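Protein chains: 2
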Amino acid sequence: MDLWFSEKQTNNVKFSIRVDKQLYSGQSEFQRIDVFESPEFGKFLTLDGYMMFTEKDEFIYHEMITHIPMAVHPHVENILVIGAGDGGVVRELTRYEEIKRIDLVEIDEMVVEVCKEYFPHTACGLEDERVHIFYEDGLKFIRRCKEEYDLIIVDSTDPFGPGEGLFTREFYGNCYKALKEDGIMVNQHESPFYEEDALACQRAHRNITESFPISRIYQAHIPTYPSGHWLFGFASKKYHPLRDLDEKRWNERGIKTHYYTTTLHKGAFYLPAYVEELLKDVEK
Amino acid sequence: MDLWFSEKQTNNVKFSIRVDKQLYSGQSEFQRIDVFESPEFGKFLTLDGYMMFTEKDEFIYHEMITHIPMAVHPHVENILVIGAGDGGVVRELTRYEEIKRIDLVEIDEMVVEVCKEYFPHTACGLEDERVHIFYEDGLKFIRRCKEEYDLIIVDSTDPFGPGEGLFTREFYGNCYKALKEDGIMVNQHESPFYEEDALACQRAHRNITESFPISRIYQAHIPTYPSGHWLFGFASKKYHPLRDLDEKRWNERGIKTHYYTTTLHKGAFYLPAYVEELLKDVEK
Numbered sequence: 001m002d003l004w005f006s007e008k009q010t011n012n013v014k015f016s017i018r019v020d021k022q023l024y025s026g027q028s029e030f031q032r033i034d035v036f037e038s039p040e041f042g043k044f045l046t047l048d049g050y051m052m053f054t055e056k057d058e059f060i061y062h063e064m065i066t067h068i069p070m071a072v073h074p075h076v077e078n079i080l081v082i083g084a085g086d087g088g089v090v091r092e093l094t095r096y097e098e099i100k101r102i103d104l105v106e107i108d109e110m111v112v113e114v115c116k117e118y119f120p121h122t123a124c125g126l127e128d129e130r131v132h133i134f135y136e137d138g139l140k141f142i143r144r145c146k147e148e149y150d151l152i153i154v155d156s157t158d159p160f161g162p163g164e165g166l167f168t169r170e171f172y173g174n175c176y177k178a179l180k181e182d183g184i185m186v187n188q189h190e191s192p193f194y195e196e197d198a199l200a201c202q203r204a205h206r207n208i209t210e211s212f213p214i215s216r217i218y219q220a221h222i223p224t225y226p227s228g229h230w231l232f233g234f235a236s237k238k239y240h241p242l243r244d245l246d247e248k249r250w251n252e253r254g255i256k257t258h259y260y261t262t263t264l265h266k267g268a269f270y271l272p273a274y275v276e277e278l279l280k281d282v283e284k
Numbered sequence: 001m002d003l004w005f006s007e008k009q010t011n012n013v014k015f016s017i018r019v020d021k022q023l024y025s026g027q028s029e030f031q032r033i034d035v036f037e038s039p040e041f042g043k044f045l046t047l048d049g050y051m052m053f054t055e056k057d058e059f060i061y062h063e064m065i066t067h068i069p070m071a072v073h074p075h076v077e078n079i080l081v082i083g084a085g086d087g088g089v090v091r092e093l094t095r096y097e098e099i100k101r102i103d104l105v106e107i108d109e110m111v112v113e114v115c116k117e118y119f120p121h122t123a124c125g126l127e128d129e130r131v132h133i134f135y136e137d138g139l140k141f142i143r144r145c146k147e148e149y150d151l152i153i154v155d156s157t158d159p160f161g162p163g164e165g166l167f168t169r170e171f172y173g174n175c176y177k178a179l180k181e182d183g184i185m186v187n188q189h190e191s192p193f194y195e196e197d198a199l200a201c202q203r204a205h206r207n208i209t210e211s212f213p214i215s216r217i218y219q220a221h222i223p224t225y226p227s228g229h230w231l232f233g234f235a236s237k238k239y240h241p242l243r244d245l246d247e248k249r250w251n252e253r254g255i256k257t258h259y260y261t262t263t264l265h266k267g268a269f270y271l272p273a274y275v276e277e278l279l280k281d282v283e284k
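Protein chains in written order, with UniProt numbering: chain R, 1 to 284; chain P, 1 to 284.
With the rest of the complex left out, here is chain R (with noise of 0.2 Å):
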């Protein structure tokens, strides 16, 4: 059996991975969910054909989007995440004993229902006490907050297809307000490389820099997404990501990771001379 998933992460490059077999394929009211399971990666999942995370690399996309804030924010209890709908964000955000409530927002709920059977390790963090699931549009719900939240996660889609809303001002203005006086909001960001990305990239930090005072762009290196390079950006009302970072506060939790280390978190925000650029062009 020679069989391969592939992705065409432009419109001249592909991206391909050997499946050992098809495990699920199914229509949503919203996209075309599949699990595949691979010799090289275990099971991944892609929606509408795009690669959302496979078991071997997704500890580095999860660890990287809630342990940069949290090593920042001295006082976390009240989160909101956006998208997610695979648990891996709430995993990582359920090892903090400090937080009380976290609100996952999820269009789909199949989504949800598929990563349970097929992604336990991922998922379980969804079985949680202190979540609280919502099966609604983010765009919808974010309306109707008011400085309830301590930290807002987007873990969204592209921002091509259904995720273009949580890529926009408006969406950005209403997560502000969402937020508390000392809130911090973290988004996936896309890849700086290939030219569609970067202008992606650059449109969503624009729209950032417009609704928050302090709006800094990290990265990390993730294989399965297109160019290996991605792209998070941590937005703020009062918290530096390097001055406000207490990496003996953090440490001292004792939280085992696999990809994020408090040195690392510093690293993370030194960008190579391009992408400055790219952002910079766009700050003034």
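None of these hints come from the bench; they were simulated from the model.
These numbers were taken from a predicted model, which means no experiment stands behind them.
All residues carry an ideal CB built from backbone N, CA and C; glycine is no exception.
Wrong hints could be hidden among the right ones.
Said to hold, decoys possible - Pairwise CB distance ranges, derived in the manner of DEER restraints: (1) Glu117/P / Arg169/R: 46 to 54 Å; (2) Arg169/R / Glu7/P: 52 to 60 Å; (3) Arg169/R / Asp2/P: 51 to 59 Å; (4) Asp128/P / Glu98/R: 39 to 47 Å; (5) Glu210/R / His240/P: 36 to 44 Å; (6) Phe30/P / Glu37/R: 35 to 43 Å; (7) Phe30/R / Arg249/P: 51 to 59 Å; (8) Glu195/P / Tyr135/R: 33 to 41 Å; (9) Glu127/P / Leu3/R: 21 to 29 Å; (10) Glu181/P / Pro120/R: 37 to 45 Å.
Given the structure of chain R, go ahead and fit chain P onto it with the hints provided.
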């Protein structure tokens, strides 16, 4: 025309680039050499079917393998470069006025000729009068050298096939001998992500650690290399890659870069937890 170049990054992962046309194909005494034109990456060179560099992202590799040691060592005059027949490493080095001599040892003259014809932007540095090219096996060349160089850059192919000898304990021992008392050796060090590459990484790191008192690893995002997460080795007799970094001195030179900055320099040494663990296992 639907023409694709594919590289199997492992037996189970394939990276493919759309090709406009093949510009060159030849067989040297050592390897098959091909040049392609692509819409996404411009022209690119392959050796025995493996991606060596593309016009679009070669700047990342070449800046990171040269400017890191140049920003640490206070006074580099004599340099040995092994491999690197494409001229990219030499191009970056020729931007430093204080460098007096660059010996380039490339086993395959045909690589140099092909790069001069198809990659003038990369090969341009080879015309500098400080550059002396030796068409020889680097393994043999290095045996004759003693305390001659301030810096050795090992720009090898992978540790499988012809480049294998450039990852051995004997070779690194000879590099140590060829360096002056405060010399630095930098080498390309593979990727930590896929299992076979990670093992090669560990072996190389173990072998370097046995010869050099200071041996550290740093990373860069290189989209066309397997996993996009690429490592370099920094081995040194005296200077520490972070404690002896002189940001002011380097920035005063006014060298314009697209990836390297002296801030990024520091972050490049802050490795993910799983890479730290991979390396620690062989440091004992």
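Hint check:
no., hint, in the structure
1, Glu117/P / Arg169/R: 46 to 54 Å, "holds (50 Å)"
2, Arg169/R / Glu7/P: 52 to 60 Å, "violated (41 Å)"
3, Arg169/R / Asp2/P: 51 to 59 Å, "violated (39 Å)"
4, Asp128/P / Glu98/R: 39 to 47 Å, "violated (59 Å)"
5, Glu210/R / His240/P: 36 to 44 Å, "holds (42 Å)"
6, Phe30/P / Glu37/R: 35 to 43 Å, "holds (40 Å)"
7, Phe30/R / Arg249/P: 51 to 59 Å, "holds (56 Å)"
8, Glu195/P / Tyr135/R: 33 to 41 Å, "holds (39 Å)"
9, Glu127/P / Leu3/R: 21 to 29 Å, "violated (50 Å)"
10, Glu181/P / Pro120/R: 37 to 45 Å, "violated (57 Å)"
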